[in-house]
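According to full-length UniProt numbering, the sequence shown is numbered sequentially starting from 1.
Take the hints with a grain of salt, since some may be wrong.
Pair by pair, the computed Cβ-Cβ distance ranges are [stated by the list, open to error]:
no., residue 1, residue 2, range
1, Lys295, Pro171, 32 to 42 Å
2, Asn269, Val157, 17 to 27 Å
3, Leu124, Gly272, 15 to 25 Å
4, Gly272, Gln188, 29 to 39 Å
5, Ile225, Glu255, 38 to 48 Å
6, Leu202, Gln65, 35 to 45 Å
7, Ser128, Val157, 27 to 37 Å
8, Val157, Ser238, 31 to 41 Å
9, Ser128, Gln188, 47 to 57 Å
10, Asn80, Leu112, 23 to 33 Å
The calculated DSSO-like cross-link candidates involving lysine-lysine, where the alpha carbons are at most 27 Å apart (straight line), are [said to hold, decoys possible]:
no., residue 1, residue 2
11, Lys211, Lys288
12, Lys223, Lys233
13, Lys223, Lys211
14, Lys148, Lys48
15, Lys213, Lys69
16, Lys288, Lys111
17, Lys233, Lys118
18, Lys181, Lys117
19, Lys247, Lys213
20, Lys176, Lys233
21, Lys247, Lys233
22, Lys213, Lys176
23, Lys288, Lys117
24, Lys176, Lys223
25, Lys118, Lys131
26, Lys68, Lys233
27, Lys69, Lys48
28, Lys213, Lys234
29, Lys131, Lys211
30, Lys131, Lys233
31, Lys247, Lys148
32, Lys22, Lys68
33, Lys176, Lys247
For the record, the hints were derived by calculation from the structure and aren't laboratory data. Since we're looking at a predicted model, the values are computed, not measured. All residues carry an ideal CB built from backbone N, CA and C; glycine is no exception.
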Amino acid sequence: MIENMNELRNFIIVAQVGSFTKAAARLGVSTSALSHSMRKLEDQLKIKLFNRTTRSVATTEAGEQLFKKLFPLFESIEDNVNALSIFRDTLNGTLRINGADHAFLYAIWDKLLIFMKKYPEVKLELTSDMKFADIVAGRFDAGIRLGKEVDQDMIAVRISDDMQMTLVASPQYLEKYGIPKHINDLPQHQCLCVRMPTSEGLFVWEFRHPKTKELIKFTPSGKLIVNNNFLVKKACLSHLGLALIPKDRVSEELENGELVEVLSNYALNYEGYHLYYPNRRQNAPLFKALVEELKA
Numbered sequence: 001m002i003e004n005m006n007e008l009r010n011f012i013i014v015a016q017v018g019s020f021t022k023a024a025a026r027l028g029v030s031t032s033a034l035s036h037s038m039r040k041l042e043d044q045l046k047i048k049l050f051n052r053t054t055r056s057v058a059t060t061e062a063g064e065q066l067f068k069k070l071f072p073l074f075e076s077i078e079d080n081v082n083a084l085s086i087f088r089d090t091l092n093g094t095l096r097i098n099g100a101d102h103a104f105l106y107a108i109w110d111k112l113l114i115f116m117k118k119y120p121e122v123k124l125e126l127t128s129d130m131k132f133a134d135i136v137a138g139r140f141d142a143g144i145r146l147g148k149e150v151d152q153d154m155i156a157v158r159i160s161d162d163m164q165m166t167l168v169a170s171p172q173y174l175e176k177y178g179i180p181k182h183i184n185d186l187p188q189h190q191c192l193c194v195r196m197p198t199s200e201g202l203f204v205w206e207f208r209h210p211k212t213k214e215l216i217k218f219t220p221s222g223k224l225i226v227n228n229n230f231l232v233k234k235a236c237l238s239h240l241g242l243a244l245i246p247k248d249r250v251s252e253e254l255e256n257g258e259l260v261e262v263l264s265n266y267a268l269n270y271e272g273y274h275l276y277y278p279n280r281r282q283n284a285p286l287f288k289a290l291v292e293e294l295k296a
């Protein structure tokens with residue numbers, strides 16, 4: 001018999017993050033207290049749930065099986081408790097969403113503001129991340145990514161228009177190095193490169209041929225490699241090279257002349273952002289309200 005059900009909830013958090021330190025920070029308790037709680041749970045069950053090292057914690061086979069059984073049950077409990085808020089003519093609870101900074105800042109920010117005003121008791125936790133996160137392992141309610149291709153047990157709902165890409169440079173850079181007239185001119189230019197966090201390879205530039213509509217791929221090369229578009233934009237404004245970047249990130253700079261679009265006839269659009277989430281979440285009232293607001 002489990003003496004304290006909170007120990008099971010704590011077990012789920014530790015199993016998810018693989019660290020007593022990170023789990024303790026999320027739960028608002030000390031690392032030593034959490035570690036003691038997990039040893040107590042193991043003693044009660046008479047089963048070892050974790051393999052511990054000085055740097056990490058991983059579930060044993062028994063611990064992994066317990067986690068897979070308990071996680072959906074605790075999610076269901078949380079959803080049912082949050083659903084009671086309909087009897088107060090409001091919704092409350094917490095929603096954790098993972099996505100790229102561009103999605104939050106340029107695609108859905110205004111929609112999130114409307115959602116928060118409509119449901120003032122709801123707490124949103126937004127995690128900006130360039131790589132594709134495992135939203136289940138990360139204990140996120142949903143993720144945001146370009147396109148609609150997701151795992152089989154996930155649902156994808158479109159929440160934004162297509163993302164327009166643009167190749168830009170500062171007037172000062174173009175005056176010094178010339179304006180590229182064709183894709184074949186790009187190897188002679190300084191290209192601002194982005195290191196992708198998932199594959200660790202460079203972000204491959206993609207264009208659409210204006211006549212044949214053929215997809216053209218180009219691997220950029222230059223003296224500067226960064227890992228996010230904020231630095232790309234900063235470098236471009238500092239006259240360091242050409243940048244392929246979402247157009248809405250630089251719309252103001254294009255309008256005031258700080259940046260100039262080049263090879264615009266080769267510009268490519270990517271399919272818009274989609275909210276993706278486990279299919280078991282689709283009937284939760286709070287989550288349904290979020291989906292309805294974002295897809296509006």
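Run the structure past the numbered hints and jot down the numbers of the failing ones, going up.
Structure breaks hints 5, 7, 9, 11, 13, 14, 15, 17, 18, 22, 25, 26, 28 and 29.
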